[in-house]
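J.: Sequence:
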Amino acid sequence: MIDGDSAADNFYELDWFEQYAFSFYNAILQLCGNDINPTNDVLIITGILLLIIGALMNANIFGTMASIFQSINRKSQRFQEQIDLANTSMKNMKLPEKT
Numbered sequence: 001m002i003d004g005d006s007a008a009d010n011f012y013e014l015d016w017f018e019q020y021a022f023s024f025y026n027a028i029l030q031l032c033g034n035d036i037n038p039t040n041d042v043l044i045i046t047g048i049l050l051l052i053i054g055a056l057m058n059a060n061i062f063g064t065m066a067s068i069f070q071s072i073n074r075k076s077q078r079f080q081e082q083i084d085l086a087n088t089s090m091k092n093m094k095l096p097e098k099t
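Counting in the numbering used here, the sequence shown runs from 1 upward without gaps.
These aren't lab readings, by the way, just hints derived from the structure by calculation.
Just so you know, even glycine gets a beta-carbon here, dropped at the ideal spot from N, CA and C.
Some hints here could point you the wrong way.
Unchecked claim - Pairwise CB distance ranges (calculated):
{"#": "1", "residue 1": "S71", "residue 2": "N37", "range": "39 to 47 angstroms"}
{"#": "2", "residue 1": "Y20", "residue 2": "I83", "range": "14 to 22 angstroms"}
{"#": "3", "residue 1": "F11", "residue 2": "I72", "range": "46 to 54 angstroms"}
{"#": "4", "residue 1": "D41", "residue 2": "S71", "range": "40 to 48 angstroms"}
Assemble the whole structure, with the sequences as input and the hints as a guide.
T.: Below, the structure written as structure tokens:
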């Protein structure tokens with residue numbers, strides 16, 4: 001079992017599963033920037049799962065925001081294309097620029 005404070009000190013004395021769990025926990029922790037300080041294997045696994053769920057939620061939020069910004073940009077691009085088409089048509093019809 002991993003003791004939260006001594007896991008880093010005794011890392012190489014742990015069995016392979018505990019080393020993997022501790023390493024994976026710290027990798028996910030670096031992505032999220034929080035410390036939940038697990039003290040046993042169950043808390044480590046729970047922490048890993050919660051951190052992954054949190055990372056997925058962050059990805060979903062940022063993906064949705066990117067999609068919203070893209071649709072706003074798409075609308076303004078369509079409007080600009082219509083304006084350009086109108087300007088080109090006015091030029092081809094040789095309409096005066098100032099009325």
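J.: Each hint should be assessed against the structure and marked as holding or not.
T.: For each hint, the structure was consulted:
{"no.": "1", "hint": "S71 <-> N37: 39 to 47 angstroms", "in the structure": "holds, 42 angstroms"}
{"no.": "2", "hint": "Y20 <-> I83: 14 to 22 angstroms", "in the structure": "violated, 59 angstroms"}
{"no.": "3", "hint": "F11 <-> I72: 46 to 54 angstroms", "in the structure": "holds, 49 angstroms"}
{"no.": "4", "hint": "D41 <-> S71: 40 to 48 angstroms", "in the structure": "holds, 45 angstroms"}
Hint compliance for this structure: hint 2 is the single one not met.
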